[in-house]
Structure formats: structure tokens, C-alpha cells
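From first to last, the protein sequence lines stand for chains A and B.
Quick note: the first sequence uses my numbering, first residue 26, plus one each step.
Quick note: the second sequence uses my numbering, first residue 8, plus one each step.
If you're looking for bench data, these hints aren't it; they were derived computationally from the structure.
One should not assume that every hint holds.
[To be verified] To spell it out: a stretch of chain B is covered by chain A in this simulated footprint if at least three of its residues, at any positions, have a beta carbon under 8 Å from a beta carbon of chain A; those stretches are:
1. 46-53
2. 73-82
3. 137-149
4. 267-274
If you're wondering where the values come from, they're calculated on a predicted model, not measured in any experiment.
Ideal Cβ placement from N, Cα and C applies to all residues, glycine included.
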Amino acid sequence: MGHPIGRRRLLQGAAGAAAAGTLAGCALGGDDSTTDNSGPASAANPLGVKEDAPLEVVIFNGGFGEEYAKAHQAAYRQRYPKAEVKHSATQQIAETLQPRFVAGDPPDVVDNSGGSQIDFNGLVSQGALTDLGPLLDAPSLDDPGTKVRDTLLPGIVDAGSYDGRFLALNYAYSAYGIWYSRKLFDDRGWQYPKTWADMIALCKTIKAAGIAPWTYPGKHSRYMSWPILASAGKLGGLEVIKAIDNLEPNAWKHEAVRAAAEAYHQLAVDGFLQPGAAGMDHIQAQTEWCRGHAAFISCGSWLENEQKAVTPPGFRMAVAPTPSLTAGDTMPFEAFRGAGAEPFVVPAKAKNVRGGLEYLRVMLSKQGAADFTRTVSSLACVTGSSAGIELGPGLASVTELLAAARGTTFTWLYSAYYRKLEREPVDAATAELFAKRIDAAGWTEKCQRAADQFARDPAVKKYKRA
Amino acid sequence: MRGKRLFIAVFLLPPLLLYGVFVVSPYAQAFQIAGTDWRGLSPEFEFVGADNFRRLLGDGYFWNALRHNGVLLLLLPVATILLGLFLASMISVGGRADRAGVHGVRGAGVYRVVYFFPQVLSVAIIGVLWKEMYAPHTGLINGTLRAVGLDGLARPWLGDPRFAFWCVLVVLVWANVGFYVVLFGAAMQSIPRDIYEAALLDGASRATTLVRITVPLLWDTIQVAWVYLAIIAIDGFAVVQIITDGGPSYSSDVVGLRLYRTAFGDAQFGYASAIGVAMFFLTLSVAVLFLRATHRDRVER
Numbered sequence: 026m027g028h029p030i031g032r033r034r035l036l037q038g039a040a041g042a043a044a045a046g047t048l049a050g051c052a053l054g055g056d057d058s059t060t061d062n063s064g065p066a067s068a069a070n071p072l073g074v075k076e077d078a079p080l081e082v083v084i085f086n087g088g089f090g091e092e093y094a095k096a097h098q099a100a101y102r103q104r105y106p107k108a109e110v111k112h113s114a115t116q117q118i119a120e121t122l123q124p125r126f127v128a129g130d131p132p133d134v135v136d137n138s139g140g141s142q143i144d145f146n147g148l149v150s151q152g153a154l155t156d157l158g159p160l161l162d163a164p165s166l167d168d169p170g171t172k173v174r175d176t177l178l179p180g181i182v183d184a185g186s187y188d189g190r191f192l193a194l195n196y197a198y199s200a201y202g203i204w205y206s207r208k209l210f211d212d213r214g215w216q217y218p219k220t221w222a223d224m225i226a227l228c229k230t231i232k233a234a235g236i237a238p239w240t241y242p243g244k245h246s247r248y249m250s251w252p253i254l255a256s257a258g259k260l261g262g263l264e265v266i267k268a269i270d271n272l273e274p275n276a277w278k279h280e281a282v283r284a285a286a287e288a289y290h291q292l293a294v295d296g297f298l299q300p301g302a303a304g305m306d307h308i309q310a311q312t313e314w315c316r317g318h319a320a321f322i323s324c325g326s327w328l329e330n331e332q333k334a335v336t337p338p339g340f341r342m343a344v345a346p347t348p349s350l351t352a353g354d355t356m357p358f359e360a361f362r363g364a365g366a367e368p369f370v371v372p373a374k375a376k377n378v379r380g381g382l383e384y385l386r387v388m389l390s391k392q393g394a395a396d397f398t399r400t401v402s403s404l405a406c407v408t409g410s411s412a413g414i415e416l417g418p419g420l421a422s423v424t425e426l427l428a429a430a431r432g433t434t435f436t437w438l439y440s441a442y443y444r445k446l447e448r449e450p451v452d453a454a455t456a457e458l459f460a461k462r463i464d465a466a467g468w469t470e471k472c473q474r475a476a477d478q479f480a481r482d483p484a485v486k487k488y489k490r491a
Numbered sequence: 008m009r010g011k012r013l014f015i016a017v018f019l020l021p022p023l024l025l026y027g028v029f030v031v032s033p034y035a036q037a038f039q040i041a042g043t044d045w046r047g048l049s050p051e052f053e054f055v056g057a058d059n060f061r062r063l064l065g066d067g068y069f070w071n072a073l074r075h076n077g078v079l080l081l082l083l084p085v086a087t088i089l090l091g092l093f094l095a096s097m098i099s100v101g102g103r104a105d106r107a108g109v110h111g112v113r114g115a116g117v118y119r120v121v122y123f124f125p126q127v128l129s130v131a132i133i134g135v136l137w138k139e140m141y142a143p144h145t146g147l148i149n150g151t152l153r154a155v156g157l158d159g160l161a162r163p164w165l166g167d168p169r170f171a172f173w174c175v176l177v178v179l180v181w182a183n184v185g186f187y188v189v190l191f192g193a194a195m196q197s198i199p200r201d202i203y204e205a206a207l208l209d210g211a212s213r214a215t216t217l218v219r220i221t222v223p224l225l226w227d228t229i230q231v232a233w234v235y236l237a238i239i240a241i242d243g244f245a246v247v248q249i250i251t252d253g254g255p256s257y258s259s260d261v262v263g264l265r266l267y268r269t270a271f272g273d274a275q276f277g278y279a280s281a282i283g284v285a286m287f288f289l290t291l292s293v294a295v296l297f298l299r300a301t302h303r304d305r306v307e308r
């Protein structure tokens, strides 16, 4: 020991090395170049795909798994035998792909879903996504006379559009509503209620029969914000929902929203919620429901697939629209929230943008949609994806719902525009509402305050729903 | 002389280089990113100066999370060390004294192994395990309460903001105490048995021997334990994220989770880095304060 100068020199050297490392492996840096991988467009190849350009697809390996994507890739390979198709699947979309977006080297198609979805607000505001407009106007794979746009179910273009540009294709179609077991209801002679007064009356009967009328996932209480907003939309009209999407002042305090919150708060006040539900996650609550410990649960149509392992035979789950709050509701009872899920995007800096669009066109073909519906028992976002396929009872009820609604389906977009608003403050406020720590006015107050914060935050890009 | 220096440098440089690239450089970059509005998806960003830090000062969610880390910092080391000391002394010297001298309670070897079990499990498994233990209807905790007739005490533990945070604290203590039982136990082995025997002959009670003999002789080990546990308390991310995800209503949020959500949930890497930088200074201050305190302690002695 006793060489202070030597030590200091070593430390300086280390600092220098660190500085070099900073420059070399900088998280902020990136390559800006893009290669043009397009070929000549023709009737057989309307999107101008370059035949031998490789295609990379990243799938979210969640509720739907990854098998369906392999069928789509096989179909793509059949059309372009010279193209090499690279498939990968992950649950950590953001963690895996964020560095690749920065480096300017994203995959060609990304299924941007799941708990660690890359925030759309960030993707869109940084121009990281390709406009899928050319896909909408291209002829469908099955019929050159029909545009892809016209094969989509209602709401799909809306839900993927940001300031008028169609950037995300929500491939799976989900119906959101209130689920019950047809077997339970048939056995007991109960009828699904069409009005809120009937709902409260039926809840009394159910409770008297020793079953909890409702259960809900208290740890993800936003599931219960869905029937509230759906009822508010049906009561006051789509304008009420649009005001919320556009972060308008006092949108959440609209009379219809407050009335809907009050109606559902009544379930907590009257003791119609399963005791303990406040501490359950979605799987725990859904399993309680499958075991017949509760009659109603709010969910989307992925429920059937998610609960496949624990649903008793003959349970016959079915989904129904939210009951009408009043006789003077703006929308009919049959109206429900129908929306896309599993947003597929083509990154703007993808090496094979044309191939990415074509891949989506393959997915939207009759064959592609049927492959999806058969593999994951969920509807795809194109009309008739369930034709000729034997559906489970839950999915069959979704198709009935869709037929009965006759175009009156609707959805909100604030949860896609401002994901955090739904995932954090609205979720938290809804948990408070159903734990009876606040009332309906308190709920609208909390949600409005959070929405106002988003409206003021300069770091959040705002979108306008037309 | 020169040859010796070269010799040392040859051995020191590679690890220092690795340390620079994988530890120092990310830290340095965090400072740089904290001064930008980088959103993490493109190479474009602008320098915004101290804006992120100004925003931090007014961010109620951040302060709420920081408060929870503060409570953890106070309670987790104290609870874990006290419990660890108690269990370790029961295992080492808690048994009846007989002619063979002082030894642990019957079955001490088994306890030593059992207490260490949680240490073998990964944090993810501990999280999932306890999440199910706390489940309102199917969970072991409410199940046990109901089985012994204490139905009134059964609660939706993780669904109630009054309990969720404390539930997480219990898990953190459970997950860590085993390691300190082993650590303290090993340290106690080096305390000569005759000290205990002499104390017992003089009529000292178990509690007295623990406070007057064991703790002073283990003081250095306890200090090390405190530092480790303080680091765990300032983090706490993994267990919180799995068990409560910060809820309900932010009642169990911690700074690590806030940082993660800001970066990967909201794609605001600039602001998230500012949170990281704030945490860096906080951890540093805690460490400095602690070193100062223990230094004085030694001087006084």
C-alpha cells in the first residue's frame, strides 16, 4: 500500500472507461435509417410486397397463446415462398421491444397487448407506427371487389384510430357485458333482467336463495367501471362517452354517469356483492363465479377461454347487455360495448412495412379469421369469423348478442388514448366505490379530478374523438 | 516498483472496466436522461433542465410511495432483526441448561433448516404464494381463522387499504428472517458457552442474557443486517408488484413500482429516470447517515 497517486490514476482510468461505455452503449442513441422494402403493386399484390423480403412477427403470448399466429405465418409463407418469416412470442412486449424501437430496428408486426403493452400514447406521439390506411383500402384476400375496410366489425376502425389515422388493428373482438350461467338461471327459473329495477329485484331473490348476486375482482376494480360507463352511455347517448374520451371538463360529472354510478353503488349498499370480493383478483373472482358462489360478473368475452379449466360441464355461460337504467334510455337494451382487443401494429421503422401490412391482410382473410376463432375460441374482428365453426356456449352467446344489437354497439376510447387513466385512478376510485368508502358523487369527483390532471399534463399527448 | 504497479493494474483493470460499463455508465446515463423528456421509443428527445425534478416535488403519488418506503425503512429492519435474534437465540442457547452445558431448544437443527426455507424460494414464487394465502375465500389465512371460529377476523386482506401495506410488510419479514436467523446463529456459535453458563449461574434470566450478552457481542453482525434490510426496504418492488401491485387505491405503492410504471407503463423514461436519481441520493443519504451513526458509536466506545 502507500501509492495514493497510483490509485488515483487507476480511478481516473475507470472514469474514462465509464465515459467510453456511456458513449458506446448509450440508451438514448439510435440509427435513423430505414430501408425501402417494397415491390411493384399489382392486382395480385395490391400492397406492393417485395416477394423475398424477410418478415418478423412478435406475438404477445397471453390469453390467446401463440399457436394461431403460426397458422397465419404459414399462410403468408404460402403466398410468398421466398420470404423468410421469423416468429417469436413473449409476455414482456414493452421490456423486449422498447430498446429495439429506440435503436430503429423494430420487428415488422407487433401484437402490442397484455400487462406490459407499450403505451400507445407514447408510440403515436413519437410517430413510431405506420398508418394502416392502405390496408383498409386494399381489396380483401377473399374477394377483390370488397375492401378490407368493409369486412371489419363495427367499432374496429374507430378504436384503432388516433387523430384520424388508423394505426392499430384490434384483431380480437370482445363483447363486454354481464355474465351469468344459463344452467343456474334455468334451474332456478330466473330471467336475465332488462331493467335496473328488475336487476335489484332479482338480486334480492338470488340473495335469499343463499347465493351472492354479484362478485367482482376488487384488485382490478376497473372491470366494474365497464358496466357503469356502458349504462351511462346507454342512458345519455354516445355523446356522454365521447366527452369522457376527449377529457372534456365535467364529462364524468354528467347526470347519466352519476346515475349509472349510483345504480351500481346500490349493489354495494344493499349487500349484493360477494363478501371478500374486494380482495380478489380477476382469476379468483371468476373462479368463485364458475363455482356458482355468485350469479353475475362483469367481464369481456375472453372469459370463456380464461376459465376453460375450471368451468363445470353444463354451466352454459352467457353474456348479456347491461340492464337499461330507465324507460327513457337513449340506446335500446340490446346495445352493448363491443370493442377490439389484441392491437396489432406495424412499426414505422420496420424493415418490411409492406410485408407487415400484407400479413395483417392475411390475418383478416376468411381463412385467417377462422384459424383464429377455432384456436382461441374468440371472435376475430371481421364479419363471419365464426361461420362453420362449432362455438362454445359463451362465444355462441356473443354472436347472438351481436346479431340482436343490429349495429348499436359502441365503445369508449379513453382507456386506449390514456391507458393509465383507466388502469390507475379510475380503477382506484371504482375500488373505493364498491367498498362503500365513497358514494357515486365521490366517484365522479375522483374520476373527473384524474381526467383533469391528464388534460393539464403537457407530457401526455391529447387525442380528439370525432 | 514500476513492475509492481503494472502487476496490480493488470489485475484491477478488467473488473474496473466491467464495473464501469455495467454499473457506472447506466447510473451516469440515468442522470443524463433525467434531464430530458425522452419517451423511450425513438432517439428523439429534448433537454428540459430540471423540469422533471420540479414535477417530482409536486407529484403526490411519488410522495405517497416514498412515505411507504419510509415506513418500511423504519419497521422492516427492526422487526426482522428482533425476530431473527429471538429465533436464533432460542435455537442456539434457548434450551434448558443441563450438565452438558447451554444448548438450543429441542429440535433446533430442524428449526434452523425450516426457517431458511423462504430464502431458497425466488421472490416471484414468494409473491404468488402469499397472494393466494391472503385470498379472501380460498386463502389459508382466512381459512385458518374460520376453522378456529374467528370468522369475525377474516378480511379481504389485500382489498382493504387499511391492511394491504401491512400484509406486504409481513411477507417481507417472513421472506427475510430466515437468513438472519442463520447469520445470527452462526455468530452466536463464536460466543464462548461459558459466558452464558456463568450468567445463568449468577441467576440471569433468558431475557437478560439476550439483552446483556448476546446483543452486545453480536453488535457488528446486527449492523450489517441493518444495512442489508434497509436496502430491501428502499426497494420492495418485486413483492409489492406481485402481491398488491401498489393497490388498493395506492395504499401499498412504493417508489420502485412508481418508477417502473412511469417508464414501462406511461413511456416517460425521462421522468422515470428523475425518480431513479432521487432514489439514488436517498439511498446514499441513508447509507451516509448510518455510517456516521455507527462511526460515532465506535469512537464513544
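Evaluation of the provided hints:
With 7 residues having a beta carbon nearer than 8 Å to a beta carbon of chain A, the segment 46-53 of chain B meets the requirement of three or more and the stated coverage holds. Given as covered by chain A, the segment 73-82 of chain B fails the check, having 0 residues with a CB less than 8 Å from a CB of that chain where 3 are the minimum. Residue count for the segment 137-149 of chain B with a Cβ under 8 Å from a Cβ of chain A: 7. That meets the three needed, and the coverage hint holds. With a threshold of 8 Å between beta carbons, the proposed coverage of the segment 267-274 of chain B by chain A holds, since 5 of its residues qualify and at least three are required.
Hint compliance for this structure: hint 2 alone is broken.
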